[in-house]
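There are 2 protein chains.
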Amino acid sequence: MSSFEDADTEEMLTCLQMTVYHPGQQPNGIFQSIGFHKREKLPSREEVKFGRSSKVCNYTFQDRQVSRVQFSLQLFKKFGSSVLSFEIKNMSKRTSLIVDNRTLDFLHKVDLPDRCMIRFGDYQILMEKEDGVSLEFFETEFILSPRSLLQENDWPPQNPIPEYCHSVWSSPQSTSPMETDENEL
Amino acid sequence: MSSFEDADTEEMLTCLQMTVYHPGQQPNGIFQSIGFHKREKLPSREEVKFGRSSKVCNYTFQDRQVSRVQFSLQLFKKFGSSVLSFEIKNMSKRTSLIVDNRTLDFLHKVDLPDRCMIRFGDYQILMEKEDGVSLEFFETEFILSPRSLLQENDWPPQNPIPEYCHSVWSSPQSTSPMETDENEL
Numbered sequence: 001m002s003s004f005e006d007a008d009t010e011e012m013l014t015c016l017q018m019t020v021y022h023p024g025q026q027p028n029g030i031f032q033s034i035g036f037h038k039r040e041k042l043p044s045r046e047e048v049k050f051g052r053s054s055k056v057c058n059y060t061f062q063d064r065q066v067s068r069v070q071f072s073l074q075l076f077k078k079f080g081s082s083v084l085s086f087e088i089k090n091m092s093k094r095t096s097l098i099v100d101n102r103t104l105d106f107l108h109k110v111d112l113p114d115r116c117m118i119r120f121g122d123y124q125i126l127m128e129k130e131d132g133v134s135l136e137f138f139e140t141e142f143i144l145s146p147r148s149l150l151q152e153n154d155w156p157p158q159n160p161i162p163e164y165c166h167s168v169w170s171s172p173q174s175t176s177p178m179e180t181d182e183n184e185l
Numbered sequence: 001m002s003s004f005e006d007a008d009t010e011e012m013l014t015c016l017q018m019t020v021y022h023p024g025q026q027p028n029g030i031f032q033s034i035g036f037h038k039r040e041k042l043p044s045r046e047e048v049k050f051g052r053s054s055k056v057c058n059y060t061f062q063d064r065q066v067s068r069v070q071f072s073l074q075l076f077k078k079f080g081s082s083v084l085s086f087e088i089k090n091m092s093k094r095t096s097l098i099v100d101n102r103t104l105d106f107l108h109k110v111d112l113p114d115r116c117m118i119r120f121g122d123y124q125i126l127m128e129k130e131d132g133v134s135l136e137f138f139e140t141e142f143i144l145s146p147r148s149l150l151q152e153n154d155w156p157p158q159n160p161i162p163e164y165c166h167s168v169w170s171s172p173q174s175t176s177p178m179e180t181d182e183n184e185l
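Just so you know, the protein sequences line up as chains A and B, in that order. For the first sequence, the working numbering gives the first residue as 1, with consecutive numbering after it. For the second sequence, the working numbering gives the first residue as 1, with consecutive numbering after it.
Worth flagging that the hints you see were computed from the coordinates, not collected in a lab. Incorrect hints may have been included.
Treat identical chains as interchangeable: a pair holds within one or across any two.
[Claimed, not checked] Mimicking SDA-like on lysine to any residue, the simulated pairs with C-alpha atoms at most 20 Å apart in a straight line are:
id, residue 1, residue 2
1, 78, 110
2, 77, 94
3, 93, 24
4, 77, 102
5, 77, 132
Could you build the full structure based on these sequences and the hints that come with them?
This is the structure we're talking about:
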């Protein structure tokens, strides 16, 4: 049995692959608590939280400009579909979350396309879903990109993303508009 | 300041009023752990779970036919709207959740209308949202109905629900099709 199956049912698991980039990822260690290139199995009933707080988040960014909970993912099943899908919700009061070209403010949510670019502040996350069979569990996998996902034609090498091939972002040296702290629960 | 306001901002809170009925509610004490007629303030970032497990659910039904987590509510904000809305998701693998006339299977989700009837097994929950201003918090309030919400013209007295005035359900004596246990997380 491969590690990509549910141990109880041997069903293939849906995998959400997240390729991340931040201009300050070296040497600041923003992603140091994220395990790259290893799949993690999670129950599909649970909300998956991303943010600064290691107490409440599944995946943390070690960066004071990130909100305690920046965004969350919910698993669900579309009507008429047999596979898992993801919904994303912006949990930050002060920082917008951009899904492809759509801007989400606090508590806005959208269903994620199977392949999409998530941005907040200087963070870029390319999310790609690989369908499985199991509805009970799914997997996540993180990949660290050595360069911006917005400026390069050749990332990921197999699947160029022409719509992201223009620089719309501030330079790495710029000051982020993100909060330094939030009075959040 | 009334109890319906956010203590920090004095903003009015959105309230979700839930009128519940189950044919076996007396004398079985199915709803004994639910505080009726008192509003509870909750953070809008948190998922609200309903089910049998007191470890993971905000509101528990003391009934072995109920799943550990039967369904969940998520707060969100619609695009172009300034008020909170609710999304409901069926978290039970074996029992359908009916929202008005729509049947939700495991992990199906829908946005809740401002006023709607939720059913699963022999449970009936009339959910009515009262809009507030605060986005940080909301309130819940439970009311126990002495009789079925499906068969009575005069419940709630001020707001008859003609669309629910026909008996489509099994009698209180019938055996529920729900699971007696689930191997759920």
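Evaluation of the provided hints:
no., hint, in the structure
1, 78 / 110, "both (13 Å within a copy, 10 Å between copies)"
2, 77 / 94, "between (30 Å within a copy, 15 Å between copies)"
3, 93 / 24, "neither (23 Å within a copy, 43 Å between copies)"
4, 77 / 102, "between (22 Å within a copy, 15 Å between copies)"
5, 77 / 132, "within (12 Å within a copy, 30 Å between copies)"
Hint compliance for this structure: hint 3 is the single one not met.
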